[in-house]
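**Q** Model the full structure from these sequences, guided by the hints.
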Amino acid sequence: MILKAKDRSGFRRLADLSSLVLMLPSSIAVGLFFGYLLDKLLGTRPWMLFVFLLLGTASGFYSLLRGLQRYTKDETDDGSSDRP
Amino acid sequence: MMDPATVPNLPDAYETKVLKRIPLEILACAVLISLAALAWSGLWAGLFALWGGVVAAAGFLGLERSLKHILDRGKKDALRRGLLFYVLRILLILLAFSLIILFYPRRVVAFAAGFSAILAVVLFEAARALILLRQWKR
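Line by line, the protein sequences give chains A and B.
8 is the number of the first residue of the first sequence in the numbering used here; add one for each residue after it.
90 is the number of the first residue of the second sequence in the numbering used here; add one for each residue after it.
Simulated from the structure, these hints should not be mistaken for lab results.
We treat Cβ as the ideally placed atom computed from N, Cα and C, and that holds for glycine.
Treat the hints loosely; a few may be bogus.
Said to hold, decoys possible - Ranges between beta-carbon positions, derived for each pair: (1) A:T79 with B:W129: 41 to 47 Å; (2) A:G50 with B:A128: 28 to 34 Å; (3) A:L62 with B:L132: 28 to 34 Å; (4) B:L222 with A:K80: 22 to 28 Å; (5) A:A22 with B:L121: 21 to 27 Å; (6) A:S66 with B:R169: 18 to 24 Å.
Unchecked claim - Result set (SDA-like, lysine to any residue): computed pairs, CA atoms no more than 25 Å apart in a straight line: (7) A:K47 with B:L127; (8) B:K157 with A:F18; (9) B:K109 with B:A202; (10) B:K109 with A:L72.
**A** Given below as structure tokens:
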């Protein structure tokens, strides 16, 4: 029983960390992809790439902040619920 | 029921192992991508892909340390400091991308491919953890 509960919390923490880690690079990658595509279509190289890189980074950072807030809140809640 | 003292601290050990393993896996994946880029479009593309992987691994280590710092201290001040360092790292990544876009626009795809090694590695580790979790549930 104890082992199962511990497993769950460990894996949950790992999953939360993985999602936090993925937020920024995935947003940057999506921004770069769209920027590159638009540059090719519109012939505006490299400006769309630059603009979408900034947008991707900003959205990734915003998601990261929100995720971090949720993660730290969960950690605090778990810590306080463990106490007798 | 098992005595809590005899229960191995399995998830923590697994989590620590995975977190230590990920940067090395990112670098290994980036080396593979850079070899492919080297064969596909030459030495410079290979080098840019490798550089992207190094930046991604450094970014991962930075985020891990910032999170550890924030969670260990648990104070607003630590949160602010951790975020400040992370913002600086993001600015450095942005600077690297901007310089490549401005001076070597054709190499940005190779750099982004190396940088995206982190996505492949984290997804691979997530799938692996899911399989392990299913095995343990049985």
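**Q** Are the hints correct? Go through all of them and say.
**A** Each hint, compared with the structure:
1. A:T79 with B:W129: 41 to 47 Å: 43 Å, holds
2. A:G50 with B:A128: 28 to 34 Å: 30 Å, holds
3. A:L62 with B:L132: 28 to 34 Å: At 32 Å between Cβs, range holds.
4. B:L222 with A:K80: 22 to 28 Å: 24 Å, holds
5. A:A22 with B:L121: 21 to 27 Å: 26 Å, holds
6. A:S66 with B:R169: 18 to 24 Å: 22 Å, holds
7. A:K47 with B:L127: 23 Å, holds
8. B:K157 with A:F18: With a Cα-Cα distance of about 17 Å, the restraint between B:K157 and A:F18 holds, given a limit of 25 Å.
9. B:K109 with B:A202: 22 Å, holds
10. B:K109 with A:L72: Within the cut-off at roughly 23 Å; holds.
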